[in-house]
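Those protein sequences? They're chains A and B, same order as listed.
Counting with the UniProt record's numbering, you get residues 1 to 649 for the letters of the first sequence.
Counting with the UniProt record's numbering, you get residues 1 to 143 for the letters of the second sequence.
The hints are simulated quantities; they were obtained by calculation from the structure and are not laboratory data.
Wrong hints could be hidden among the right ones.
Computed cross-link-like contacts, DSSO-like style, restricted to lysine-lysine with a CA-CA straight-line distance of at most 30 Å [stated by the list, open to error]: (1) A:K519 / B:K65; (2) B:K47 / A:K519; (3) B:K56 / B:K93; (4) A:K519 / B:K56; (5) A:K599 / B:K93; (6) B:K47 / A:K599; (7) B:K93 / B:K65; (8) A:K470 / B:K47; (9) B:K93 / B:K47; (10) B:K65 / B:K85; (11) A:K207 / A:K470; (12) B:K65 / A:K599; (13) B:K56 / B:K85; (14) A:K599 / A:K519; (15) B:K65 / A:K380; (16) A:K380 / B:K85; (17) A:K519 / B:K93; (18) A:K380 / B:K47; (19) B:K85 / B:K47; (20) A:K519 / B:K85; (21) A:K599 / B:K85.
Letter by letter, the chains look like this.
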Amino acid sequence: MTPGMLGQLGLMLAVFFSVAGLVSVVAAWVLRDARYVRVARRAALLAFLGTLVAFGALEWALLTDDFSILYTARNHTTASPTWVKFATLWAALEGSILLWALLQTLYTWLAGLRMRDYWTSPVALGTLFAVQLFFLVNVLFVINPFTPVPNPPADGPGPNPLLQNHWMMAVHPILMYLGFVGLSVPFAHAIAAMVTRRYQTWVSETKWWLIFAWGFLTAAIFAGGWWSYEVLGWGGYWAWDPVENASFIPWLLATAFVHTAMVQERRSLFRSWNFALVTLAFAATVFGTFLTRSGVIESVHAFAGGPVGPIFLGFLLVILTTGFALLGRVSSEVRDAGSVRLWSREGLLLLGALVFVVMAFVVILGTLFPLLVEAFSGDKVSVGAPFFNQLFVPLGYAMLALMALGPVLPWRRAEPETLRALAAMAVALVLGTGVGLALGWTLWVSLTAGLFLFNLVALAWLVASPIARKARVLGGVRTGVGALAWSRRRYGGYLVHFAVALTALAIAFSQSYRLDVQKTLEIGESWQVAGRTITVHALRAVEESHRYSVIADVEVSGLGLLHPRLNYYRTSRTPFASPAVAYTLGKDYYLVLQAFDQKDSEWVTLRLVVTPLVLWLWASAVLMVLGTAMILWPSTRRVQVGRTPEVEA
Amino acid sequence: MKLKYLVGFLIVMGAIAYLAFGGLGNSLVYYVLPSEYAENPARYEGKRIRLGGLVKEGTVRYDPKSLDLRFVVTDGVVDIPVEHKGTPPELFKDNQGVVVEGRFDGEVFRGENLLIKHSETYQAPPEGGYTPEEVRKLIEEAK
Numbered sequence: 001m002t003p004g005m006l007g008q009l010g011l012m013l014a015v016f017f018s019v020a021g022l023v024s025v026v027a028a029w030v031l032r033d034a035r036y037v038r039v040a041r042r043a044a045l046l047a048f049l050g051t052l053v054a055f056g057a058l059e060w061a062l063l064t065d066d067f068s069i070l071y072t073a074r075n076h077t078t079a080s081p082t083w084v085k086f087a088t089l090w091a092a093l094e095g096s097i098l099l100w101a102l103l104q105t106l107y108t109w110l111a112g113l114r115m116r117d118y119w120t121s122p123v124a125l126g127t128l129f130a131v132q133l134f135f136l137v138n139v140l141f142v143i144n145p146f147t148p149v150p151n152p153p154a155d156g157p158g159p160n161p162l163l164q165n166h167w168m169m170a171v172h173p174i175l176m177y178l179g180f181v182g183l184s185v186p187f188a189h190a191i192a193a194m195v196t197r198r199y200q201t202w203v204s205e206t207k208w209w210l211i212f213a214w215g216f217l218t219a220a221i222f223a224g225g226w227w228s229y230e231v232l233g234w235g236g237y238w239a240w241d242p243v244e245n246a247s248f249i250p251w252l253l254a255t256a257f258v259h260t261a262m263v264q265e266r267r268s269l270f271r272s273w274n275f276a277l278v279t280l281a282f283a284a285t286v287f288g289t290f291l292t293r294s295g296v297i298e299s300v301h302a303f304a305g306g307p308v309g310p311i312f313l314g315f316l317l318v319i320l321t322t323g324f325a326l327l328g329r330v331s332s333e334v335r336d337a338g339s340v341r342l343w344s345r346e347g348l349l350l351l352g353a354l355v356f357v358v359m360a361f362v363v364i365l366g367t368l369f370p371l372l373v374e375a376f377s378g379d380k381v382s383v384g385a386p387f388f389n390q391l392f393v394p395l396g397y398a399m400l401a402l403m404a405l406g407p408v409l410p411w412r413r414a415e416p417e418t419l420r421a422l423a424a425m426a427v428a429l430v431l432g433t434g435v436g437l438a439l440g441w442t443l444w445v446s447l448t449a450g451l452f453l454f455n456l457v458a459l460a461w462l463v464a465s466p467i468a469r470k471a472r473v474l475g476g477v478r479t480g481v482g483a484l485a486w487s488r489r490r491y492g493g494y495l496v497h498f499a500v501a502l503t504a505l506a507i508a509f510s511q512s513y514r515l516d517v518q519k520t521l522e523i524g525e526s527w528q529v530a531g532r533t534i535t536v537h538a539l540r541a542v543e544e545s546h547r548y549s550v551i552a553d554v555e556v557s558g559l560g561l562l563h564p565r566l567n568y569y570r571t572s573r574t575p576f577a578s579p580a581v582a583y584t585l586g587k588d589y590y591l592v593l594q595a596f597d598q599k600d601s602e603w604v605t606l607r608l609v610v611t612p613l614v615l616w617l618w619a620s621a622v623l624m625v626l627g628t629a630m631i632l633w634p635s636t637r638r639v640q641v642g643r644t645p646e647v648e649a
Numbered sequence: 001m002k003l004k005y006l007v008g009f010l011i012v013m014g015a016i017a018y019l020a021f022g023g024l025g026n027s028l029v030y031y032v033l034p035s036e037y038a039e040n041p042a043r044y045e046g047k048r049i050r051l052g053g054l055v056k057e058g059t060v061r062y063d064p065k066s067l068d069l070r071f072v073v074t075d076g077v078v079d080i081p082v083e084h085k086g087t088p089p090e091l092f093k094d095n096q097g098v099v100v101e102g103r104f105d106g107e108v109f110r111g112e113n114l115l116i117k118h119s120e121t122y123q124a125p126p127e128g129g130y131t132p133e134e135v136r137k138l139i140e141e142a143k
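So here's chain B without its partners, still in its complex pose:
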């Protein structure tokens, strides 16, 4: 009697675990810096990822008529061109920390969702630019 319930319970839990972990594998969104991507581009091929970095100085092009937004995300080592459709957030400026959710399409990253990581106190970048570690820290600490 008890055994019957136990077996039933195990089957149900097994099915859930299978569904959950199988599902997790496909719906995990990795968080990557440009230099991490450059190390192993094949790993992120066609996958939905979150690309973090700084908006490279002087690269922002936005056309309010067509809503086309182009800019370059950098972590001080590797630059990645990003294309996004939609209005840039108010704080979208040079050297601002951003996280772009989207996919790689060849060399270009197509953003679907743009998140600004802004700290309320703006700091000028150090001489010689940031290192990837500093960029990561900057983005993680910002709210």
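Extracted from the complex, chain A is given alone in its bound form:
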């Protein structure tokens, strides 16, 4: 048995069991017999195992340098270190879609285990089977990584050097796909809800999956930004590149949906809107793949084209048509239980969701605009960062204001007791902005600082007031603090909000106050810049199995030695600059080795980028993930009640 044969076998089994699962749920639906759902669950497990075999076979081929199949022959090299060999599986199109299929089959199986509803589970499970079948059929018939190579080469070209330059590239795609695939579960339940005409409960049933997917999308986007900062050597973390946008659009729509789903759960409102939003969010994950894998848009990390573009476009249209056709059919009978007052929590949540949807629209517009212009006028244009920044600044302020106000206002209607909190928040806003201006910050940065304080006061009030209330009723602050334990989910949400405010602050500062300079220095020469002394001590070369590196030893006063380097990979004529970053709480010192004296090694050209608060961006990402984990962690409420029943009373 060769890896190629094993892989083909695994894929065939996976397709077979997915079809079997689909047939079983159709039988369950037509015959109204729940036993077939149990059969489908088993088929889901077997389909997952089949895909796992294919995944394992491809890893087997990569780790044993088997070049007899297409994927390794094109994307692998014996010179890679082991971790790169392992991660090469998702370094190119075929493998990354196989990984996607693997995660989709895993989610289908796990989501199936949790489906209890007699009416909706056949449809929801069927939708998931259909989605996974799409990916599996693609991997088996269109972009099969196990296609035999007639004359296997002795060695291959290896994966894109940019992907080997940092370990984060082994993690980022998995996080991203866990997020993308996670959105398929709420989508499948929404389809089931529309087919079975049960418009309310699907939201609470899929809330866990939605937040799970949201957490991974968030982590993946930040991880990608960090990778870009650490590897690409231009000193930034976000470039409004089409691939970045492709991951941002589903995140924006999922964020909008997280908030309106909460309103539907609590107040049975926005039902039609939620059906539309979940369809759009799931479609956006496929749209992103279409954009970046079809060659329609050129980008740093777009894989080579092929027949995948039109196929994904077709799948995108099927998702949108199915979602909106079903919604159109039932929309006349989907009714909300009541109406919305703007000045209430649900009113502001709706406004906040609108802000996120508009942001998504702006990103789609900016990403597709070059295509539209070229189609109509023939001019080749690109939409630069100024466009996105211009629109995201006001939208970002709206988001910051709403995310503080929403949780402070109670459901249904504003009460007088919240007015004191609002007054304190307004004071913080004015004070923060004023102090910022007095310190000489730009208006935009000052306003962001003001809104950061605005959020901080809101969160402080949200945390303190229930504790104070409990303490008043039960006597003693400690009992009040005990209340924290049972509403961990709420505090997880607050933590995420705090982290978003911190992100906004870090973005405002890092985008507004940035120093970017270049200088050619002799070895041993010092450079006074940005309040530091930069000295080049030595220039040396290091040979590794898969690359050759030129490294400069540069001392930054007070921060120690940094080692910016140029990496030369065998398969590429261009060297890849690997920057060296000294993180501090205030500013980052980011050094890139731009060029060096190739004849006598007497000089180097360095680029220095000094950016404030970037470290806080990564810190806020960690806080967001922590907050999400707090929300998702299985509830220990029952245990708590047993121990301290008075807290619940």
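Using the hints, position chain B against chain A.
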């Protein structure tokens, strides 16, 4: 009741559309070849553009001390002198496809951002040089 929401929604969308398209007009960066520029220089006056073409043979002057880089971009018909501050990328060589982002300053194009369009397989230019169509194709096909 419904009408109120509809009107509100339309106003919001109108404002966004206005902002978006107004903003787009100012922040679009046109992609131009030297001969396209020569046809109508007034159109690109003072605007940020991306100038594409080949590095003309024997025109590259670079001083690593001052980081001044000068070269001529050509598409086989029209030549445009470019001035840029900063290290040229490793693959910056004669007859290499480049895209320079920047603005025209009189006759000279001041580059702010230099992108190399390199195909991994180097080809010698044909006898008699490229035509603009060939140059455009070359640059677009390269990654």
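The hints, checked one at a time:
no., hint, in the structure
1, A:K519 / B:K65, "holds (8 Å)"
2, B:K47 / A:K519, "holds (28 Å)"
3, B:K56 / B:K93, "holds (9 Å)"
4, A:K519 / B:K56, "holds (26 Å)"
5, A:K599 / B:K93, "holds (18 Å)"
6, B:K47 / A:K599, "violated (40 Å)"
7, B:K93 / B:K65, "holds (19 Å)"
8, A:K470 / B:K47, "violated (63 Å)"
9, B:K93 / B:K47, "holds (27 Å)"
10, B:K65 / B:K85, "holds (11 Å)"
11, A:K207 / A:K470, "holds (28 Å)"
12, B:K65 / A:K599, "holds (15 Å)"
13, B:K56 / B:K85, "holds (18 Å)"
14, A:K599 / A:K519, "holds (19 Å)"
15, B:K65 / A:K380, "violated (36 Å)"
16, A:K380 / B:K85, "holds (26 Å)"
17, A:K519 / B:K93, "holds (22 Å)"
18, A:K380 / B:K47, "holds (15 Å)"
19, B:K85 / B:K47, "holds (19 Å)"
20, A:K519 / B:K85, "holds (11 Å)"
21, A:K599 / B:K85, "holds (22 Å)"
In the structure shown, a violation is registered for the earlier hints numbered 6, 8, 15, in ascending order.
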